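Sequence lines, in order, name chains A and B.
1 is the number of the first residue of the first sequence in our numbering; add one for each residue after it.
1 is the number of the first residue of the second sequence in our numbering; add one for each residue after it.
Derived by calculation from the structure, the hints in this document are not laboratory data.
These numbers come from a predicted model, not from an experiment.
Keep in mind that a hint or two might mislead.
Unchecked claim - Residues of chain A placed beyond 12 Å of chain B at every Cβ, according to the derived structure:
#, residue
1, P75
2, R87
3, G151
4, A159
5, V180
To be verified - Coverage of chain A stretches by chain B, computed from C-beta distances (three or more under 8 Å per stretch; other residues unrestricted):
#, region
6, 125-137
7, 162-169
Note that CB positions come from ideal geometry on N, CA and C, so glycine has one too.
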Amino acid sequence: MMQVTQSGSFQHAAVLREFGCEHSLLSRPDGSASFVQGDTTVLAGVYGPAEVMVSKESFDRATLEVTLKPKVGMPGVAERSKEQCIRQTCEAALLTRLHPRTSITLSLQTVHDDGALLACCLNAACMALMDAGLPMHCLFCGVCCAIDQQGTIKLDPTAREEKESRAVMTFALDSTDCRVMMSSTKGSYTAAELQQCIAVCQRASESIFQFYRDSVSRRYCKA
Amino acid sequence: MFLFAFHPEANVANSKEAMLCCVKEKIGEAVLPGDLLAFEIQKSENKREKLICGPGLRRDGEDVFVCKSGILRHKEPNLYWIDLQQRRYVPAKGESVIGIVTAKSGDVFKVDVGGSEQASLSYLAFEGATKRNRPNVQVGDLVYAQFIIANKDMEPELVCIDSCGRANGMGVFGAGGLLFKVSLGLVRKLLSPQSEIVKDLEKIFPFEMVIGLNGRIWVKAKTTQQTLIVANILESCENMTTEQRRSIFGRVSENVL
Chain A
1 MMQVTQSGSF
11 QHAAVLREFG
21 CEHSLLSRPD
31 GSASFVQGDT
41 TVLAGVYGPA
51 EVMVSKESFD
61 RATLEVTLKP
71 KVGMPGVAER
81 SKEQCIRQTC
91 EAALLTRLHP
101 RTSITLSLQT
111 VHDDGALLAC
121 CLNAACMALM
131 DAGLPMHCLF
141 CGVCCAIDQQ
151 GTIKLDPTAR
161 EEKESRAVMT
171 FALDSTDCRV
181 MMSSTKGSYT
191 AAELQQCIAV
201 CQRASESIFQ
211 FYRDSVSRRY
221 CKA
Chain B
1 MFLFAFHPEA
11 NVANSKEAML
21 CCVKEKIGEA
31 VLPGDLLAFE
41 IQKSENKREK
51 LICGPGLRRD
61 GEDVFVCKSG
71 ILRHKEPNLY
81 WIDLQQRRYV
91 PAKGESVIGI
101 VTAKSGDVFK
111 VDVGGSEQAS
121 LSYLAFEGAT
131 KRNRPNVQVG
141 DLVYAQFIIA
151 NKDMEPELVC
161 IDSCGRANGM
171 GVFGAGGLLF
181 KVSLGLVRKL
191 LSPQSEIVKD
201 LEKIFPFEMV
211 IGLNGRIWVK
221 AKTTQQTLIV
231 ANILESCENM
241 TTEQRRSIFG
251 RVSENVL
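Could you build all of it, start to finish, from the sequences and the hints given here?
Written out as structure tokens, the structure is:
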């Protein structure tokens, strides 16, 4: 469903690529999920609450570790910075105080990257944490948008659109109030454009949360 | 599980309209973390009503919200909980589990129960054990024990006796037989009072089975082949419907005889 509306001086095309997910596809981790957005695919596995090394343990909360592996090559600085973004979002959503002195490990593997990778990682992470049965006080989703040279806001850009745009932004939004939990932006944009992008992403996140709900009810009602 | 009282005049309406759902509509449906549950409070009665929140539900001030995804269940008169499919075990007081002894240090055995920490089992917590008469437990043995201390702040502790000092089926076991792991949901289904799976299994051939709430099952039948058959059936019947399970069990019992 294509929506092109003109509000003020901005135009935006508010359509997400087709997305899908799969639950519990891996047998060893406590929770696993795979999330597909267009051609971008990310696989996530969660282990926890499990034993933790004494040097890393925290007396009052669970220690969350995130590893993101790219499709080819060794993980580099870009992967490390994405890991930190994902870790901070997950720590804000999980009830880590219920499992002190334990570790929760989240492993993400990029199966294919065609733009909006951080947003897809966030969605796969949220589905995997839900699948593992870890207590959370809200759900989160990742939405990516790009501003191209003409000023049009494009939601869920492909890799080619990301390269041609002047700014790329990824937001993590929570499920209770649709507020921004984490933002990661690249490029140049004005403050008004930032607010417009946040509004567009908040509208798009509603469809992702509805999809979470549908997939969970399909999974439990089938069993 | 914890108890709390609901004041009849409490106003449950708040700004999170989208997530707020009446609990009666949601019983038997899947709910997600972050959903707030509204309970219908009868304003005519002035007495306080008690509500029991089971696993998966948490209280935040006066609100009850869901913290794990699953199906909301209700048992009369006032018990609510979330039924979820989980694989990782978290120790809880009073649960009986199968543990593997990993170390003997002084007066205490360290037992692996599949949780985040190893549990401790004192050598005096066996029937008829005294300081001179130590129980015969070696590293690598299987024990069926119950948690007396299991919370998030302390190391879990197990005992192999009940409050009267009798073993009551607990203790070391497992000469021969096979130990394997399944999901926690299947274990709860097997341990429920009128379990259909257990009734179907009894018809195939006789065997011994010990079920631990930490997802571990030990089986032993007359021959190794029968033991392996039972283990395979149990591991695979998690995701089957009743008809599929009955057809598989029927085929197995025909082949065995």
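Outcome of the hint check:
{"no.": "1", "hint": "P75", "result": "holds (26 Å)"}
{"no.": "2", "hint": "R87", "result": "holds (18 Å)"}
{"no.": "3", "hint": "G151", "result": "holds (32 Å)"}
{"no.": "4", "hint": "A159", "result": "holds (31 Å)"}
{"no.": "5", "hint": "V180", "result": "holds (16 Å)"}
{"no.": "6", "hint": "125-137", "result": "holds (count 7)"}
{"no.": "7", "hint": "162-169", "result": "violated (count 0)"}
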